[in-house]
Amino acid sequence: MDDDGVTYEEFVTTRAQTLLRYGYVLTGNPHDAADLLQESLVRLRAAWPRVVNKRDPEGYTRTIMARQHISIWRRRRRESLVGEVPDGQYIEPGLDRAEHDPRLWELLSALPRRQRAVLVLRYYEDMSDAEISATLGISRGTVRSQAARALDKLRTGWHPAAERAESRSSR
Amino acid sequence: MNDELTEALKGTLKTAARQAPAPAPDLLHQVHGRHRRRRRAQAGMAAAAVLVTLGGSGALTSVLGSAEDPARPAAQSKPGPLKAVTVGKPVPVERLWPQAVRPLPERLPGGRAYRAITLLDDDTLLVTTESSFEKTDQILTYDLRTRRTTQITRTPVPSGSDLFPSGFSVGDGRIAWWVRYKQGGRHTVEIWAAPLSGGDAYRVAATQHDLSEDASVRRLTIGGGKVYWSMAGRNTSSQGVYESQGVYEAPVSGGGTARQVPGTTGFQVLAWPWIGGPGLTGPMDAERAKPGEVFHRTLRDLRNGRTTKAGLATIKGSWNCGITWCVAHKSLPKQWSGGHGPVPETYLQRRDGTGGRMFRMLGGRRHLMQRLDGFLAYDRFLPYMAEPAGGSVQWLLYDTQTGDVASVAVPQDGGGYSAIGLFRDPAERIVEVDSVNGRLLIDLAKVS
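Residue numbers (our numbering), protein chains in the order written: chain A, 1 to 171; chain B, 1 to 448.
Isolated chain B, as found in the complex (with noise of 0.2 angstroms):
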C-alpha cells in the first residue's frame, strides 16, 4: 500500500541526514557548563530539602561541597596531574580514518584553480577562486558528491587593497570576511560579507589601525546576529610591541558601524562564542612568556559575558588555551637546528584541570611543536611535525581523544611534501593535504 511512498521516505531521510550540520568542535565544553549550571540549582534545592529532612550539618556540608560555587569557576578546583604517556606510531590518515578522507579535484569543473575552506555539511565544500596570486575574486560551493559547483558570490577588491579578501568564515546563513587597504597612512580594514544562500556582497563595517606593516585580523567569526573579529599587530606608536586591540563587533547584515565589545582589551577571539584572553598577538609571544603564563586563560562567552579561568598543573613553560584544551612544551634547546640536545616535551590539559598528560613526540629524535595559535584543530587534535630517526619531516596531528597518531602528509618521491591549508578553515573541521594519490580532504569532524 505504501511501498513507494516509504520508499521514497527512507530515502529522504537518509540524504536529509547526510545533510545534518557537524557537531559544535566546542559541544563538549557546553554540555559541561550546561550541565555544572544546572547541578549547582539542583545542589541548592538539595541542600535545602536535607535541611529540613535530617538537620545533619555533616549531610548538608557533603551536599553543597559537591557541588560548584557559582562565584568560584571550575578551574581553581586544583588541577589534576600530567601523567606521562607513549605516543603511538604514526600511521597514515587513510588508514587510520578512512571514514573522513574524501578525494579532491584538482581544479573544479570548468578548470579553474580553487582552495578549499570549509564544509557547510557532509558534502558541500566552501570553495574560493583566484583571479591571481592570492586575489579571491569569487566564493562558490562545491557539492563533493554531484561535483557541481554554485556560485555564492564575488568578492570585490577594494582599490588600494594590500591584503586580499581573506579568513572566511561562516555562521548565521552568512559569511563574512575581511581586507586591508591603506588610507591616510593608517591601515583600514574593511569586514565583508554575503549571504549564504547567494547574492551580492556588502561591507559590514570598517575600521582604522595605527598597526604596523603586518597587522591583521587574527580571527573572525559570526554569531548571534554579529561579526566578531579581533586585530593583532605591533602599535607604530609604541616600540614595536605586539598589542590586542581588543574585540569588535558589528552587526552581520550591515548598515551598522563597528565598535569594540567593552572590556575586551587584550582578548582575541577564538571561535563563537568564545573569546580568550591575555590573547596571543605575535610570533614571538610563545617565546617571550615568562614561565607559568597562560594565554587566552580567561574564557569569555559572547552572550552572556560570563567568564572561566584555567587551572592548570606548573610547568616550566608556558600554556596556550583553546576553548577546551591547553597546549605547552618545554623550551626548546638553544642548538636546536642541529637536532641534538634533549627531546622536548609536550604538556596537554583541559582549561578544567582534567585530562593532563605529557609525552616526548614519536619519541625520535626530535619533533617541531607548529606554533600557530596554538589551537588544537576541531578542539580535539594537536597538529605538529616530527622527524623521526632515519625519516623526513611529516605533518601529523594527534587525537587528544584517543591517543592514535595519523601521519597527514608524508614526503612524496621528489622530497617534497604540502599539507595545505591546514588552517583556512576558521571552524577547523578540514584539513587540505596533498599527497602522492593525489589532493586530499581531511573531514576532522568524521573521525570516530
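So that you can see chain A by itself, here it is in the shape it has in the complex (with noise of 0.2 angstroms):
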C-alpha cells in the first residue's frame, strides 16, 4: 500500500505546480485553480491502480481537470451545441515572445467555460480538435465551433489597432 502511496504522492509532488498553472489558465483565477487540482487529484487517488498502469497519470489528471471544470459549468447553465463549422484552416504559428495582454486575459474571464477550456486546449496545450475532442469528450465540430465562437468574442473585444492594420495589409 506505501508503495503505492509513494508513487502517487511522488506524482502529486513533481507534477503539482505544472497541474496548478493549467489549472489556472483554465479557471483564470487561482483559487478555482487550486480547487479544481484538489478535486482532480483525489479522483485520480481512487483511480490510481487502474492509471497507472495505462502509463499516462498526467494525461488523465489532464481530462479530469478539463472536464470537471466543463460540468461544473454545465450544471449552472445550458447552452445549444449545435453550431456552424468555420471554414478555413487555423495557423498556429511557434510562439517565440510570450506576452500578457491583460485586456485578453479579461476578456477570456467572459466566455463560457467550454470555450475557453477549448481555447486552452488549442492554443496552451498545442492539442489538435482531435485531441480535444477526446479530452472533453464532444464532437470535432464542437470543438471548432466552440473555439470560433471564442475567437470571434474575443477579436471584439480586442483592439490592437497596429496589428490589425498589418494584418489587413497580408491579407
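Hints are supplied without guarantee of correctness; some may be wrong.
The following label-pair restraints were derived from C-beta to C-beta distances [said to hold, decoys possible]:
(1) A/T156 with B/S166: 46 to 54 angstroms
(2) A/R50 with B/Q151: 26 to 34 angstroms
(3) B/S166 with A/S139: 55 to 63 angstroms
(4) B/R439 with A/R140: 48 to 56 angstroms
Bear in mind the hints are in silico, worked out from the structure with no lab data behind them.
Ideal placement from N, C-alpha and C gives every residue a C-beta, glycine not left out.
Two chains, two frames, some hints: make the complex.
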C-alpha cells in the first residue's frame, strides 16, 4: 500500500505546479485553480491503481481537470451545442514571444467555460481538434464551433489597432 | 485569419501560467484527507449494497475493513517500520535543481538593501527594507523578470517597540505581521496588516502577556478571513518554564478584537489551516522531552476543528511533527563538541505511519541537526548542517521525496558561509543563500 502511496505522492509532488498552472489558465483565478486541482487529485487517487498501469497519469489528470471544470459549468447553465463549422484553417505559428495582454486575459474570463477550455487546450496545450474532442468528450464539429465563437468574442473586444492594420495589409 | 489574435492568446496564456500560485505545501495532506473521507462515505454505501446482494458476512467485513473508521484517525493503524536508508553525496544546489535557483540582486534598484520574504507567484518576490538594523520600514514586491519594485505599504513602528515588525505572512490577499512593546510592565503584541494590492497598514488586534523577555509570536498565519497566531515564552510567574498560551485569532480586515481559539491551549500555529499540539514552545523542549514524546502529535484543522493524531514508530527520542512529516533523532552524545562518539541517527516518518526511514547523514563524521521548529521546509525538505570528513560545515537540504541531498551553502574562500533567510519565509517556499556566485534564491516549489 505504501508503495502505491509513494508513487502517487511522487506524481503529485513533481507535477502539482505544472498542473496548477494548467488549472489557472483553465479557470482564470487562483482559488478555482487550487480547488479544481485538489478535486481532480482526489479522483486520481481513487483511480490510481488503474491509471498508473495505463501509463499516463498526467494525461488522465489533465482530462479530468478539463472535464470537471466544464461539468461544473454545465450544471449551472445550458447552452445549445449546435453551431456552424467555420471555414478556413487555423494557423499556429510558433510562439517566440510570450507577452501578457491583460485585456485578453480579462476577455477570456467572460467566455463560457467550455469555450475557454477549448481555447486553452488548443493554444496552451497545443492539442489538435481531434485531441480536444477526445479530452472533452465532445464532437470535433463542436470543438471547432466553440473555438470559432470564442475567438470571435475575443476579437470583438480586442483592439490592437496596429496589428489589425498589419493583418489587413498582409491579406 | 486569426494569427495575431491566436499568437497574442498563446503569449497571454503562457505568461498567465507563470503567474499561477504555487501548490499549497500541504496539498498531499489535503488530498489524502478528502480521499479518505470520500472512501469512507463510499464504503458505507458499498457495504449496504453487499449486504443486499450477497448477504455474506465475510464480504461485508472485508469491505468495512478496508475503510477507515471516522472515529478512529488513520494514525492509530499500526505505523510502518523505519527502514535504514543511505543518504547520497550532496550535490551543489545549482546542479541538482537548476530550475529552482535564481539569482537575486545584492540591492534593490535605487540601492536599498532588502530581505526576501516569500514568492507571491513565480516572479514576484515579496521583500522588506529596513531603516536601521532589523527595523523594517517598507514592504515591497520585486519582479524578478522586469526588476521593478512596487511598494505595498510602509510599516509603522509603535513607539517603545522592542521587537520590530516581524513574522510577515501572506494570505487572503493580505500581508500581516507583529510587533512587540512594553506597556505598564507587560508585553503587548500587536498584529498589523495591509492589502497586498497596496495601501495603508492598519492595526488588526493586540494582546497582553506576562511573559519573559524572549517571549514572541511563534508563528502567524492568515486564512478564512482571520489572522491566527501563537505565542511562546516563559511565564514570569511560573518558574521559567516555557509554555504555549494557545492560538489567538482576529479578523484580518481589522476592527475586531483578539480572542483565544477555544480548546487550543498548548497548541502552536503550523500553517493555515493547521495547528499542532502539544506545541514546541521553547528551544530546550526537545532536550527535556521524554522518550516517546511527540510534539504536534495532534493536528487540528482550524476550518472545522477536526483533529488527527500521529501514529509513529517507537524510538529512543522525541518526535517532532509538521503537517505531513515527523522528524526525530537520537540524542546527541555528551562530548559532542569533540566530534567523537557515535554518529546520531535521524528518523523520518509521515504522520500516518508510512514512509518511515532512518539514516546517518552523509555517513560522515558528524552532523548537526538544526533544531528550528522541527519542520521540514515546504513540508518536504529536511534542512541540516553537516561536517563531512575532511570538509567544513555546510548547509544541506535532504529531499524526502527523492532522497537527493543538495548543498545549499558551501564555505566560501575566506572560510565563511551563510544561508541567510533559510526560514524567514512563513510558507517555507524560498531559501535565500549567499554563495560564491552571489545572492541566490532557491524556490522549493520548483524542485520536481
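* To do: Could you check the structure against the hints above and give me the numbers of any it violates, in ascending order?
  => Hint 2 is the one this structure does not satisfy, whereas the remaining hints hold.
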